[in-house]
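Number of protein chains: 2
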Amino acid sequence: MADALTLHQDPRSGNCYKIALTAALLGLPLAIRDYDITKGETRTPEFLATVNANGRIPVLQIGSDADAIFLPESNAACWYLAQGSALIPQDRFGQADCLRWMFFEQYNHEPNVATLRFWLSILGEAQLSDEQRAAIPGKRAAGAAALALMDKHLETHAFFCGDAPSLADIALFAYTHVADEGGFALSDYPAVGAWIARIRALPGFVPMD
Amino acid sequence: MADALTLHQDPRSGNCYKIALTAALLGLPLAIRDYDITKGETRTPEFLATVNANGRIPVLQIGSDADAIFLPESNAACWYLAQGSALIPQDRFGQADCLRWMFFEQYNHEPNVATLRFWLSILGEAQLSDEQRAAIPGKRAAGAAALALMDKHLETHAFFCGDAPSLADIALFAYTHVADEGGFALSDYPAVGAWIARIRALPGFVPMD
Chain A
1 MADALTLHQD PRSGNCYKIA LTAALLGLPL AIRDYDITKG ETRTPEFLAT VNANGRIPVL
61 QIGSDADAIF LPESNAACWY LAQGSALIPQ DRFGQADCLR WMFFEQYNHE PNVATLRFWL
121 SILGEAQLSD EQRAAIPGKR AAGAAALALM DKHLETHAFF CGDAPSLADI ALFAYTHVAD
181 EGGFALSDYP AVGAWIARIR ALPGFVPMD
Chain B
1 MADALTLHQD PRSGNCYKIA LTAALLGLPL AIRDYDITKG ETRTPEFLAT VNANGRIPVL
61 QIGSDADAIF LPESNAACWY LAQGSALIPQ DRFGQADCLR WMFFEQYNHE PNVATLRFWL
121 SILGEAQLSD EQRAAIPGKR AAGAAALALM DKHLETHAFF CGDAPSLADI ALFAYTHVAD
181 EGGFALSDYP AVGAWIARIR ALPGFVPMD
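Protein chains in written order, with the numbering used here: chain A, 1 to 209; chain B, 1 to 209.
Because the hints were derived from the structure by calculation, they are not lab data. Just so it is clear, the structure is predicted and the values come from calculations on it, not from any experiment. All residues carry an ideal CB built from backbone N, CA and C; glycine is no exception. Please note that the accuracy of each hint is not assured.
Only part of the chain B face toward chain A is listed, based on derived beta-carbon distances under 8 Å [claimed, not checked]:
1) 38
2) 99
3) 106
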C-alpha cells in the first residue's frame with residue numbers, strides 16, 4: 001500500500017496549491033490539514049518541532065503517526081509526488097531544464113508576484129511595515145520582468161519544457177494565474193493568458209480554492 | 001564524445017562556484033567564460049539574445065557554436081552535471097529531500113546571505129540605494145535564521161541528505177563559507193563550521209577564486 005499523503009497548507013497559498021494540483025493531475029489522494037498563516041499557526045512550538053522547523057507551509061507529510069516524514073518546500077514536494085510520471089522529463093537536459101524554471105519560479109517570480117498578492121490582497125496595505133512599503137516598487141518591477149520573460153518564452157512554446165506540461169508549468173501557474181490580485185495586469189502578457197487556458201484544460205485540473 | 005561544457009560566470013559569484021565545484025567533484029572538464037556583473041556585462045543585447053534572456057549568470061553552456069544549448073539557474077546546472085552520480089540520491093524521498101534543501105537555499109538563504117555579501121563586500125555600502133539600505137535589517141535577520149536552521153540540522157547530521165555529500169551540500173556551501181563577507185559571524189554556528197571543514201576535505205574539492 002502506498003504511504004498516506006497529507007498536505008499541511010493554507011488554502012490561500014499558491015505554493016500549497018502547486019502540490020494539490022500535482023496530486024490531482026496524477027490522481028493521487030491527498031488529505032488536507034489547514035492552517036491560517038496570518039494567525040501564526042505555523043509558528044507554534046508543536047509545528048516547529050514536528051512539521052517544519054522553518055515555520056512555513058506547505059509541508060507534505062508522507063505516512064502517518066509516528067512513522068511520518070515531512071517534506072517542506074513546495075517544488076520539492078511536487079517532485080516527490082511526480083517522480084516517474086510524465087510531469088518530470090526523463091532526459092538529462094529536459095529534467096534540468098524543468099528544474100531551471102522551478103528555480104526561476106522560487107527566485108524571480110514568487111518573491112515578487114506572490115509576495116505582492118499576499119501583501120495587497122491577503123494582509124492588506126494598511127498592515128504593511130515601512131520596510132515592506134519601501135520594497136513594493138522593486139517587487140513590482142521584478143515581478144513584471146518575470147512575467148515578461150515567461151510571455152516571451154510562451155510566444156514560441158506551448159509549455160515551459162518540451163511539448164508537454166511538466167512540473168515547471170505547475171510551479172509557474174500557481175501564482176501567475178492570480179497575479180492580478182497583486183496588481184499585475186495579465187492582459188499585458190497574452191501568451192501567458194493562452195498558456196493559463198491550456199493548463200486549466202488539462203485532464204484532472206482542479207482550481208485553487 | 002561528451003558535449004563540451006562552458007560555464008558563463010562572474011568568479012566572485014557563489015552561484016557560479018556551485019557549478020565549478022560540482023564539476024570538480026565529478027571530474028568533469030569545464031571551460032570558463034568570465035563576465036563582470038557590476039559592469040553590466042550580462043545585460044548586453046548579445047548576452048540576452050544568446051546566453052540568457054534573464055540577464056544573469058551563471059549559465060551552463062552545453063555543446064559549442066551553433067549547436068550549443070544554454071541552461072541558466074545554478075542549481076539546475078548542478079543537476080544537469082550530477083545526474084546519475086552519487087551527488088543526487090536515487091531513492092524517491094532522498095531525491096526530493098535534496099531538492100528541498102536546494103530550494104531552501106535559493107529562497108531563504110541566497111537572497112539574504114549572498115545579497116548582503118554582494119552589497120557590502122562587492123558593491124560597497126556607499127553604492128547602495130535607499131531601498132537596499134532599508135532592506136538590510138530584514139535580510140540580516142532572515143540570513144541568520146537560515147544559518148541557525150542549518151546549524152540545528154547539522155548538529156545531528158554530517159550532511160544535509162543522508163550520510164553522504166549531495167548537491168544540497170554544494171548548493172548551501174557556496175555562500176555559507178563566505179557568509180562573514182556579508183557580516184554574519186560563522187563562529188555563532190559551530191555545527192556549520194564543522195560541516196564546512198568536511199566539505200573542504202572532499203576528494204576533488206576546489207576553493208572559490
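Outcome of the hint check:
1. 38: violated, 18 Å
2. 99: holds, 4 Å
3. 106: Holds. Min distance 5 Å.
The earlier numbered hint that this structure contradicts is number 1, and it is the only one.
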